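We have chain A already, so just place chain B on it with the hints.
Sequence order for the protein chains is A and B. Under our numbering, the first residue of the first sequence is numbered 1, with each subsequent residue one higher. Under our numbering, the first residue of the second sequence is numbered 1, with each subsequent residue one higher.
The set of hints was computed from the structure by calculation and includes no laboratory data. Source: prediction; values computed, not measured. Check each hint, because a few of them may be wrong.
What the hints assert, rightly or not - Calculated cross-link-like contacts (lysine-lysine; reagent style PhoX-like; alpha-carbon spacing at most 20 Å): (1) A/Lys273 with A/Lys256; (2) B/Lys198 with A/Lys211; (3) B/Lys211 with B/Lys198; (4) A/Lys256 with B/Lys248; (5) A/Lys125 with A/Lys42; (6) A/Lys198 with B/Lys211; (7) B/Lys101 with B/Lys86; (8) B/Lys198 with A/Lys132; (9) B/Lys222 with A/Lys248; (10) B/Lys273 with B/Lys256; (11) B/Lys101 with A/Lys248; (12) B/Lys129 with B/Lys198; (13) A/Lys222 with A/Lys211; (14) B/Lys222 with B/Lys211; (15) A/Lys211 with B/Lys211; (16) A/Lys211 with A/Lys198; (17) B/Lys222 with B/Lys198; (18) B/Lys42 with B/Lys125; (19) A/Lys256 with A/Lys222; (20) A/Lys248 with A/Lys222; (21) A/Lys101 with A/Lys125.
As the list claims (entries may be wrong) - Example chain A residues on the side facing chain B (calculated, C-beta under 8 Å, incomplete): (22) Gly58; (23) Pro159; (24) Ile160; (25) Leu166; (26) Asn174; (27) Gly176; (28) Ser191; (29) Gly192; (30) Glu200; (31) Ser204; (32) Ile246.
For each residue, glycine too, the CB sits at the ideal point set by N, CA and C.
Read off the chains here:
There are 2 protein chains.
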Amino acid sequence: MEIAVIGAGAMGGAIAKRLVENGVSVLTYLEGRSAVTIERAKRAGMQPADLDAVAGAGLILSIVPPATAIAVAEQTAAAIRRRGLKTTFMDCNAISPQTMKQVAEIFGSDCGTVLDGSIIGGPPKAGQKGPKLYVCGDAGDSSAVLAEHGLQVRRIDGPIGAASALKMCYAGINKGVTGLGTAMLLAAIRSGADAALKRELQESLPDLDAKLASAIPDMYPKAYRWVAEMEEISEFLGEDDPAALIFKGMAGLYRKMAEDREHGGLLAEQLDKLNNGGR
Amino acid sequence: MEIAVIGAGAMGGAIAKRLVENGVSVLTYLEGRSAVTIERAKRAGMQPADLDAVAGAGLILSIVPPATAIAVAEQTAAAIRRRGLKTTFMDCNAISPQTMKQVAEIFGSDCGTVLDGSIIGGPPKAGQKGPKLYVCGDAGDSSAVLAEHGLQVRRIDGPIGAASALKMCYAGINKGVTGLGTAMLLAAIRSGADAALKRELQESLPDLDAKLASAIPDMYPKAYRWVAEMEEISEFLGEDDPAALIFKGMAGLYRKMAEDREHGGLLAEQLDKLNNGGR
Numbered sequence: 001m002e003i004a005v006i007g008a009g010a011m012g013g014a015i016a017k018r019l020v021e022n023g024v025s026v027l028t029y030l031e032g033r034s035a036v037t038i039e040r041a042k043r044a045g046m047q048p049a050d051l052d053a054v055a056g057a058g059l060i061l062s063i064v065p066p067a068t069a070i071a072v073a074e075q076t077a078a079a080i081r082r083r084g085l086k087t088t089f090m091d092c093n094a095i096s097p098q099t100m101k102q103v104a105e106i107f108g109s110d111c112g113t114v115l116d117g118s119i120i121g122g123p124p125k126a127g128q129k130g131p132k133l134y135v136c137g138d139a140g141d142s143s144a145v146l147a148e149h150g151l152q153v154r155r156i157d158g159p160i161g162a163a164s165a166l167k168m169c170y171a172g173i174n175k176g177v178t179g180l181g182t183a184m185l186l187a188a189i190r191s192g193a194d195a196a197l198k199r200e201l202q203e204s205l206p207d208l209d210a211k212l213a214s215a216i217p218d219m220y221p222k223a224y225r226w227v228a229e230m231e232e233i234s235e236f237l238g239e240d241d242p243a244a245l246i247f248k249g250m251a252g253l254y255r256k257m258a259e260d261r262e263h264g265g266l267l268a269e270q271l272d273k274l275n276n277g278g279r
Numbered sequence: 001m002e003i004a005v006i007g008a009g010a011m012g013g014a015i016a017k018r019l020v021e022n023g024v025s026v027l028t029y030l031e032g033r034s035a036v037t038i039e040r041a042k043r044a045g046m047q048p049a050d051l052d053a054v055a056g057a058g059l060i061l062s063i064v065p066p067a068t069a070i071a072v073a074e075q076t077a078a079a080i081r082r083r084g085l086k087t088t089f090m091d092c093n094a095i096s097p098q099t100m101k102q103v104a105e106i107f108g109s110d111c112g113t114v115l116d117g118s119i120i121g122g123p124p125k126a127g128q129k130g131p132k133l134y135v136c137g138d139a140g141d142s143s144a145v146l147a148e149h150g151l152q153v154r155r156i157d158g159p160i161g162a163a164s165a166l167k168m169c170y171a172g173i174n175k176g177v178t179g180l181g182t183a184m185l186l187a188a189i190r191s192g193a194d195a196a197l198k199r200e201l202q203e204s205l206p207d208l209d210a211k212l213a214s215a216i217p218d219m220y221p222k223a224y225r226w227v228a229e230m231e232e233i234s235e236f237l238g239e240d241d242p243a244a245l246i247f248k249g250m251a252g253l254y255r256k257m258a259e260d261r262e263h264g265g266l267l268a269e270q271l272d273k274l275n276n277g278g279r
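One chain only, chain A, in its complex shape (with noise of 0.2 Å):
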């Protein structure tokens, strides 16, 4: 069996090593990758193809970053229509359904079948049974051979968009209360009213006061990602919806704490410090 993996990132890199481990041969496409993800690819038993070769292979994941989604199908759809020969290509990037259906139109027909997809959870760990797969508008099956091989595939019954959707819809609540903690423990500690929030959120939301002490500090690094992220969620509510202003506001949250990283930290130390008692 071969599977071609486009995105060695960390969720493609932790993919494709799950699937290699049970006894897939995975390809990817490495041109003008970084040294550093080319090492991953090479740890994860990938094998460097070129576009062609990636294109024959029975089934195409694309796990990359949203705003590069539309491009790699492009790329993908002009290599299947070189080598004549259709395929299935599934899309499982964190795109909306707007965007998914713009992938679904790039492939057209004459590509063979495309798979909305979309991934919940961290990349898969040794001895973990690692995130979910979704997937809609898979009536051929097309995915069973994913969960024949060491990932968890969830089938959800809808149209093209529903798995992007749901995708939308969950990180929308899940990075989404990380975003207003952030902001709000942000506006507490400029106000002098830090201590009293701690304390008080853990005597009277203790749940969400855990789960915000370690997902703040886990979104640091990731923050420069969740703008566009956040953008896609915004965009999918569409302007009707004036729940899409809510991630726009994040958005801009975001990009607030990736500039903060660039700039040495300050405000992830200020939350640091409050999240472990410090003050």
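Here is chain B on its own, set in the frame of chain A:
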């Protein structure tokens, strides 16, 4: 001991009742109030009085909707000036530190002492400790009388504004989480991803799922009030903070839920159905 409580809403009435049960004589000002409010004040054991009598109480609490806080401060300050005797005014409302500073300026130093208070938690019920009254700027310990008569009082070291900031930050997290859940569950319902989202939340964020399942239905009748509270949080954060936009979006979302309630509650019904596993 005589205390005045301006505002005989659900919170003001219940706090007055707790004080009355602990032997305090509680005055209130009811001119122009609805029959429901007058009845609630009566049941709480509050004594109707004119503003001049209210101004003569040793401690005056303002417990009103945020949009009314300034008007109450102006009326009360005028009555204190007419009477010519200093007293202590404690604003307990969900207002921003900026608005709290305005309140303090309205009284000036000739009216006596102004305390910045805020209330976290629901109205006190029989047999329960009740909400926490946070207070700052209380060098003279004027709030001690409240703690001695059945209320939970917690002092914050900090300038006028810190208790208000605490309330803004806490409400921003607590009501913000409810808003995020509401927005994303509605988006999932629109997109056919609702059942999958509910199951994923139950599995990977069970505490948050449980909180949303109770907090969302509790919100419907309060949504109209939360609009102003979200706008106040947005102002508190200020235009320089990208998170201010988050709360403009929250205000819009709660406006939508308030309008839904006025028009038959279709959205609320969809949310309830999902939460109760009815799909």
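Verification of the hints:
1. A distance of roughly 19 Å separates the Cα atoms of A/Lys273 and A/Lys256; the hinted pair therefore holds under the 20 Å criterion.
2. At most 20 Å may separate the alpha-carbon atoms for a hinted pair to count; B/Lys198 and A/Lys211 meet this at roughly 19 Å.
3. Among the hinted pairs, B/Lys211 with B/Lys198 is consistent with the structure: their alpha-carbon atoms are about 13 Å apart, no more than 20 Å.
4. Between A/Lys256 and B/Lys248, the direct Cα distance comes to roughly 18 Å. Compliance with the 20 Å bound is thereby established for this hinted pair.
5. Taking the CA atoms of A/Lys125 and A/Lys42, the gap is near 17 Å; set against the 20 Å cutoff, the hint holds.
6. In summary, the hint linking A/Lys198 to B/Lys211 is supported, as the alpha carbons are separated by about 19 Å, within the 20 Å threshold.
7. Restraint check for B/Lys101 and B/Lys86: the C-alpha separation of about 19 Å stays at or below 20 Å, so the hint holds.
8. Of the pairs offered as hints, the one joining B/Lys198 and A/Lys132 holds, with about 14 Å between alpha carbons and a cut-off of 20 Å not exceeded.
9. Restraint check for B/Lys222 and A/Lys248: the C-alpha separation of about 25 Å exceeds 20 Å, so the hint is violated.
10. Straight-line distance between C-alpha atoms of B/Lys273 and B/Lys256 comes to about 19 Å, which keeps the hinted pair within the 20 Å bound.
11. Among the hinted pairs, B/Lys101 with A/Lys248 is inconsistent with the structure: their alpha-carbon atoms are about 30 Å apart, more than 20 Å.
12. Proposed proximity of B/Lys129 and B/Lys198 is contradicted: the alpha carbons are some 34 Å apart, above 20 Å.
13. For a cut-off of 20 Å, the pair hint linking A/Lys222 to A/Lys211 stands: about 17 Å separates their Cα positions.
14. Distance restraint check for B/Lys222 and B/Lys211: the Cα-Cα separation of roughly 17 Å lies within the 20 Å cut-off, and the hinted pair is therefore satisfied.
15. With a C-alpha separation of about 13 Å, the suggested pairing of A/Lys211 with B/Lys211 holds against the 20 Å cut-off.
16. For the hint linking A/Lys211 to A/Lys198, the alpha-carbon distance of about 13 Å falls within 20 Å, and the restraint holds.
17. At roughly 24 Å between alpha-carbon atoms, B/Lys222 and B/Lys198 are farther apart than 20 Å, so this suggested pair is violated.
18. For the suggested pair B/Lys42 and B/Lys125, the alpha carbons sit about 17 Å apart, so the restraint of at most 20 Å is met.
19. In summary, the hint linking A/Lys256 to A/Lys222 is supported, as the alpha carbons are separated by about 12 Å, within the 20 Å threshold.
20. A threshold of 20 Å between alpha carbons decides the hint, and for A/Lys248 with A/Lys222 the separation of about 17 Å falls inside it, so the pair holds.
21. Distance check on the hinted pair: A/Lys101 and A/Lys125 sit about 31 Å apart at the alpha-carbon level, beyond 20 Å; violated.
22. The criterion of a C-beta within 8 Å of any C-beta in chain B is not met by A/Gly58, whose closest approach is roughly 26 Å, and the hint is violated.
23. Here the hint on A/Pro159 is kept, as its CB sits about 7 Å from the closest CB of chain B, short of 8 Å.
24. Restraint check, A/Ile160 versus chain B: the minimum CB separation of about 11 Å is more than 8 Å; hint violated.
25. Look at A/Leu166: its Cβ gets to within about 4 Å of chain B, closer than 8 Å, so that hint holds up.
26. Annotation: interface hint on A/Asn174 holds; nearest CB of chain B at approximately 7 Å, less than 8 Å.
27. Below 8 Å, beta-carbon pairs count as interface contacts, and A/Gly176 has one with chain B at about 4 Å; its hint therefore holds.
28. Given the 8 Å rule on beta carbons, the hint for A/Ser191 holds: about 3 Å separates it from the nearest Cβ of chain B.
29. Evaluation of the A/Gly192 hint against chain B yields a held restraint, the C-beta minimum of about 4 Å falling below 8 Å.
30. Interface restraint check for A/Glu200: the shortest CB-CB distance to chain B comes to about 6 Å, inside 8 Å, so the restraint holds.
31. The beta carbon of A/Ser204 is positioned within 8 Å of a beta carbon in chain B (closest approach about 7 Å), and the interface hint is therefore held.
32. Because the beta carbon of A/Ile246 sits about 3 Å from the nearest beta carbon in chain B, less than 8 Å, this interface hint is met.
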